[in-house]
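Based on the sequences and whatever the hints tell you, model everything.
Counting with the working numbering, you get residues 10 to 155 for the letters of the sequence shown.
No lab work stands behind these hints, which were simulated from the structure alone.
No experiment lies behind these values; they were computed from the predicted model shown.
Worth double-checking, as some hints may not be accurate.
[As the list claims (entries may be wrong)] Computed list of lysine to aspartate or glutamate pairs in DMTMM-like fashion (alpha-carbon distance at most 20 Å, straight line):
no.: 1; residue 1: Lys19; residue 2: Glu87
no.: 2; residue 1: Lys47; residue 2: Glu150
no.: 3; residue 1: Lys85; residue 2: Asp20
no.: 4; residue 1: Lys47; residue 2: Glu122
no.: 5; residue 1: Lys47; residue 2: Glu57
no.: 6; residue 1: Lys88; residue 2: Asp20
no.: 7; residue 1: Lys154; residue 2: Glu130
no.: 8; residue 1: Lys154; residue 2: Asp44
no.: 9; residue 1: Lys88; residue 2: Glu124
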Amino acid sequence: MLKHKSLTIKDRAVLLFLNVLMFFLMLAFVYVGVDSIKTYLSYPNRIEYSSIQVGFVFSFVVIAPLFLLGLPVIFKGEKMNERLTQFFCKVMLFGLLLVISSGLMFRVYYINEIESRGYIECPAKLIGAFSGLTTQYATSEVYCKR
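In structure tokens:
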């Protein structure tokens, strides 16, 4: 049987830093998701749509269990109860499915809505690291060229 190696103060400090970083990433993802939906539903003249940003709204369901799993390790130096760990893994899988399905369902709804409002899909001229993940829509060709 393997003995559990206890964590040093340095290890715990690194884990605490990573846990705090994860907490702020969770807040940032939710903020970006809510802000994106707010922008989309205001129906501006030009929209850069991405399903990933919509999925960010529910990213806390995936990230929060990871955050919670790290707390006993940081403060007590021991792993969390195995049954609780299994429960959190199931919550994370549910969250991942929720993120993916919410992005897809909102996409179906939103694309139909903007097309019924007269938006057109602009030719792909976006530049950037993730430009292939977004689609640009505009109310007229004039706004596509900006």
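Legend entry - Holds or violated: lysine 47 to glutamate 122, with C-alpha atoms at most 20 Å apart: Given pair lysine 47, glutamate 122 holds - Cα atoms ~15 Å apart, limit 20 Å.
Inset, instruction - Measure nothing beyond the straight line between the CA atoms of lysine 88 and glutamate 124; if it is 20 Å or shorter, mark the hint as holding. - result: 51 Å, violated
Inset, instruction - Below or equal to 20 Å on CA atoms is what counts here, so check lysine 47 against glutamate 57. - result: 13 Å, holds
Legend entry - Straight-line alpha-carbon gap lysine 19 to glutamate 87, limit 20 Å: Within the cut-off at roughly 15 Å; holds.
Legend entry - Given hint aspartate 44 paired with lysine 154 - CA-CA distance at most 20 Å: Given pair lysine 154, aspartate 44 is violated - Cα atoms ~24 Å apart, limit 20 Å.
Legend entry - Hint consistency between lysine 154 and glutamate 130 [alpha-carbon to alpha-carbon, up to 20 Å]: Status holds; Cα separation ~12 Å.
Legend entry - Hint consistency between lysine 85 and aspartate 20 [alpha-carbon to alpha-carbon, up to 20 Å]: 12 Å, holds
Inset, instruction - Starting from lysine 88, check that the Cα of aspartate 20 is at most 20 Å away, please. - result: Distance of about 14 Å is within 20 Å: holds.
Inset, instruction - For the pair supplied as a hint, lysine 47 and glutamate 150, confirm whether the alpha-carbon distance does not exceed 20 Å. - result: 24 Å, violated
Taken one by one, the earlier hints fail for this structure at numbers 2, 8 and 9, listed in ascending order.
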